[in-house]
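All chains should be modelled from the sequences, with the hints used to inform the complete structure.
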Amino acid sequence: MAELKGNEIIQQIKRAAVRFVVALPDRTTSQHVLKEILKDPDFRVVQVCKEDEGVSICSGLYCAGERALLLIQYTGLLDSVNSLRGVAMEGKNPVCMMVGLLGKEPGVPPTQSKRYGLRIVEPILDAMGIEHHLIETSGDITKIVPAVEKAYAESKPVVLLIGREPL
Amino acid sequence: MMKRDECLKVLARHRKDEIVVAVYTAAQEWIHISPSDLNYTFTGAMGQGSSHALGLALGRPDRRVIVLDGDGSLLMNLGTLVTIGNAAPKNLIHCVCENGTYETNGAVPIPGIGRISFAAFARAAGYPRCYEFSDLKHWDHGLDTLLKEDGPVFVDLKVEPGENYPEDFRRLYSVEFREIFRKSLQK
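In the order they appear, the protein sequences are chains F and Y.
Just so we're aligned: the first sequence equals residues 1 to 167 in the numbering used here.
Just so we're aligned: the second sequence equals residues 168 to 354 in the numbering used here.
Fair warning: there could be bad hints in the mix.
What the hints assert, rightly or not - Okay, derived cross-link-like pairs now, SDA-like style, lysine to any residue, Cα gap no bigger than 25 Å in a straight line:
no.: 1; chain 1: F; residue 1: 39; chain 2: F; residue 2: 25
no.: 2; chain 1: F; residue 1: 50; chain 2: Y; residue 2: 278
no.: 3; chain 1: Y; residue 1: 170; chain 2: Y; residue 2: 325
no.: 4; chain 1: F; residue 1: 50; chain 2: Y; residue 2: 277
If you are wondering where the hints come from, they were derived from the structure by calculation, not from laboratory data.
So this is what it looks like as structure tokens:
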């Protein structure tokens with residue numbers, strides 16, 4: 001099973017025509033995704049103080065004709081449930097989120113994790129009707145571009161769950 | 168202290184092609200005072216107006232974006248001041264209608280009323296220009312300048328309720344109107 005690589009994730013983000021990355025650091029993706037994106041002139045990074053700001057910034061960017069990715073940790077996703085409800089879902093905004101599952105055991109489905117906070121992520125997204133995909137191995141990165149394209153085509157949010165720290 | 172609707176009418180007289188993001192009571196009044204396809208009221212959750220405005224301002228640096236925030240709303244998302252100060256969009260004017268209450272939610276006073284300074288918060292967060300207005304004539308005169316300045320600009324408007332306007336949250340959060348806004352901005 002090929003390891004997940006940060007540079008390959010970044011290439012897929014670019015292929016999805018994402019120019020803005022709205023971020024609050026997550027240990028899962030900081031080293032090999034966010035820090036690399038911060039150095040990359042193809043991206044404009046907007047650092048936020050709290051993740052729910054990012055849901056709205058991405059929505060404003062959508063109306064302005066720009067594609068964005070919200071790069072956060074699952075704890076921030078849980079903290080943003082009301083914005084996801086009102087801004088992303090009820091507001092029908094294509095908010096694309098890449099969410100690190102910090103502490104998830106490799107190869108274990110999130111719903112089977114020993115950690116309560118990780119086990120509840122997918123059921124909450126299901127309850128809210130938010131599409132989600134698990135990105136855990138190199139082969140999973142092919143899910144990124146179609147997920148972003150679908151979000152913008154159907155004007156609805158999507159969550160890409162990063163299941164382990166990329167190399 | 169200014170009547171909020173009179174304060175908004177002054178802004179409407181100065182408005183040209185600016186995008187205006189408005190929340191709660193200010194939004195209910197603004198859509199009647201300055202109807203336009205470039206009014207953005209689809210903020211979806213309390214506290215989020217300035218964050219939507221930041222996205223719009225960054226995505227369309229060629230357009231000026233004015234946000235009519237509330238004081239209770241801003242307290243719910245104070246980090247936005249640091250985020251905006253850091254992103255430093257030159258085309259963003261962040262107004263807060265300070266009435267000292269959660270007016271939409273029963274007019275209960277906000278915490279810190281009379282002791283906190285929103286303009287001082289904004290200045291400390293990195294907004295290069297911060298103003299306070301409690302008089303309509305000064306606000307009218309100030310708009311001549313601040314609408315032309317490089318932002319982010321912060322404006323604390325000391326207001327109290329004026330005339331009653333119809334309340335219609337369905338209109339404020341309408342996806343249909345959001346699409347009209349989005350398409351207008353593409354022209």
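Comparing the hints with the structure gives:
no., hint, in the structure
1, 39/F x 25/F, "holds (15 Å)"
2, 50/F x 278/Y, "holds (21 Å)"
3, 170/Y x 325/Y, "holds (9 Å)"
4, 50/F x 277/Y, "holds (21 Å)"
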